[in-house]
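Participant: One-letter residues, chain by chain:
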Amino acid sequence: NAGVTQTPKFQVLKTGQSMTLQCAQDMNHNSMYWYRQDPGMGLRLIYYSASEGTTDKGEVPNGYNVSRLNKREFSLRLESAAPSQTSVYFCASSNWTEYQPQHFGDGTRLSIL
Amino acid sequence: AQSVTQLDSQVPVFEEAPVELRCNYSSSVSVYLFWYVQYPNQGLQLLLKYLSGSTLVKGINGFEAEFNKSQTSFHLRKPSVHISDTAEYFCAVSTAGGTSYGKLTFGQGTILTVHP
Chain F
1 NAGVTQTPKF QVLKTGQSMT LQCAQDMNHN SMYWYRQDPG MGLRLIYYSA
51 SEGTTDKGEV PNGYNVSRLN KREFSLRLES AAPSQTSVYF CASSNWTEYQ
101 PQHFGDGTRL SIL
Chain R
1001 AQSVTQLDSQ VPVFEEAPVE LRCNYSSSVS VYLFWYVQYP NQGLQLLLKY
1051 LSGSTLVKGI NGFEAEFNKS QTSFHLRKPS VHISDTAEYF CAVSTAGGTS
1101 YGKLTFGQGT ILTVHP
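Line order of the protein sequences matches chains F and R.
The opening position of the first sequence corresponds to residue 1 in my numbering, with each subsequent residue numbered one higher.
The opening position of the second sequence corresponds to residue 1001 in my numbering, with each subsequent residue numbered one higher.
Among the clues, some could well be false.
[Claimed, not checked] In silico DSS-like cross-links for lysine-lysine, where the CA-CA straight-line distance does not exceed 30 Å:
| # | chain 1 | residue 1 | chain 2 | residue 2 |
| --- | --- | --- | --- | --- |
| 1 | R | Lys1058 | R | Lys1069 |
| 2 | F | Lys14 | F | Lys57 |
| 3 | F | Lys71 | R | Lys1049 |
| 4 | F | Lys57 | R | Lys1049 |
| 5 | F | Lys9 | R | Lys1049 |
| 6 | F | Lys57 | F | Lys71 |
| 7 | F | Lys71 | F | Lys9 |
| 8 | F | Lys9 | F | Lys57 |
| 9 | R | Lys1069 | R | Lys1049 |
The hints are simulated quantities; they were obtained by calculation from the structure and are not laboratory data.
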C-alpha cells in the first residue's frame, strides 16, 4: 500500500547541476502536483498535471520543468540548480473531479551548494 | 485568486489542555477547505476537510473544525491534546468548480508544541 512514492529522499547538488525528482502513485489518480516547502511559507505549487497528457504552471514554476510520463508518474526537473531552489519537494496526487483530497509523498530534501 | 492566513506561527500548550489553531481565507468564489498535519520528516496527512453541508467537520485523532462563511474562517480545535499531537499544521483551500483542478493554496503553517 505505497500511495505516493518519491525518489530520492535526499540529494545534495552543486550550483548549475541538473537533476530529476521522481514521483509515482499507485492509487489510479488522475491529477498530480509538485510543491515546494520552505520555512514560514507553507507549501507552494510549482506545476501540476490535471490529467495524463497535460501539465500546467503553478505559483512558482521558474527554474523547473515537468513531465507526466504516464498516469502513474510525474517527474520534476531542475535544469540548472540554484541555491534558491534548496527546499523540500513534495509530490501529491488526487482525483479532484471526485472531490478527493490530495495524498502526499514523504518528500525529497534537496540542498544546492 | 485565493489566499490563506494562519494567524499563529507557533502555539505552545500543555498536555490535556484544549487548543485552537486559527485559519482565515480569502476567495471570491466558493471554496473547499482542508487541514493537514505534518510530523517531523514526513509528508502531509489529511486531518479533515469541508466540502459542503454541516459547518462542523470532524476529523481524525479527535480534531474538529468549523467553517464560518461570514468570517471566512476555518479554525481547528481539539478539546484535549496529547504529546503525540506535536506537529506542524497546515490549512489549505481549493476553489470549487471545474477550473480549479484541485490545486491547493496553503497557509504558512502553525507549529503546535504540546508540553508535559
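Participant: Which of the numbered hints above does this structure break?
Facilitator: Hints that this structure does not satisfy do not exist here, as all of them hold.
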